[in-house]
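Colleague: Sequence lines, in order, name chains A and B. The numbers in the numbering used here rise by one with no breaks, and the one at position 102 of the first sequence is 94. The numbers in the numbering used here rise by one with no breaks, and the one at position 75 of the second sequence is 414.
Mixed in with the good hints, there may be bad ones.
Here are the simulated lysine-lysine pairs, DSS-like style, with alpha carbons at most 30 Å apart [as the list claims (entries may be wrong)]:
1. B:341 - A:49
2. B:406 - B:436
3. B:341 - B:395
4. A:5 - B:436
5. B:406 - B:341
6. A:49 - B:406
7. B:381 - B:395
8. B:406 - B:395
9. B:395 - B:436
10. B:395 - B:409
11. B:395 - A:5
12. B:409 - B:436
13. B:341 - B:436
14. A:49 - B:436
15. A:5 - A:49
16. B:436 - B:381
17. B:381 - A:49
18. B:381 - B:341
19. A:5 - B:381
20. B:409 - B:341
Calculated from the structure, these hints are not laboratory results.
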Amino acid sequence: KAGVTQTPRYLIKTRGQQVTLSCSPISGHRSVSWYQQTPGQGLQFLFEYFSETQRNKGNFPGRFSGRQFSNSRSEMNVSTLELGDSALYLCASSPIDEAFFGQGTRLTVV
Amino acid sequence: QKEVEQDPGPLSVPEGAIVSLNCTYSNSAFQYFMWYRQYSRKGPELLMYTYSSGNKEDGRFTAQVDKSSKYISLFIRDSQPSDSATYLCAMSAITDKLIFGTGTRLQVFP
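The shape of chain A in the complex, shown without the other chains (with noise of 0.2 Å):
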């Protein structure tokens, strides 16, 4: 069974440029949940994604945006970019609560 897969896995981006990362979640699975991993605050909740609708946010400020397909693969936006948002970026799937994980895409803003 394939697992999450999460493109690109690496991205260099400039202040100010908006950046969409993909998701595709575990066949079956359609609950899709995305999150900001950094040193300093760890794992940080960003949203999560069920049936298409947006089932939970975390704190984050609106140019953190995200949106879920029929198929269930996701999508999340950032726009302009700032250089507190290099981080890894994770995206986890789930069958009902326990959730699995992507490699992540490492996004670093210069």
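Starting from the structure of chain A, add chain B where the hints point.
Modeller: Showing chain B alone in chain A's frame:
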């Protein structure tokens, strides 16, 4: 006060030792408890998943949940150098987002 507290370590033990990792939490609504292992530059890997109180064993790993004390533990028996990683506890209420501890860095030396 954070919802989930976890000692960041690092914890350094000799090969073959029994390792004890712990988290405390404040939210009595948490029902689902997980332990993840994360190697450097990789996504978190689900190790153990427990619903409500009790013990769960899987090979060299044992997870314990004490809801009355709001305390969870992960024990690793016969630790190996390949167990060297960061261990993250995570928990959630029903259909709510996962809250992670900051992670404990474990080093097992030969």
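Colleague: Report the numbers of all earlier hints that the structure fails to satisfy, in ascending order.
Modeller: Hint 11 is the one this structure does not satisfy, whereas the remaining hints hold.
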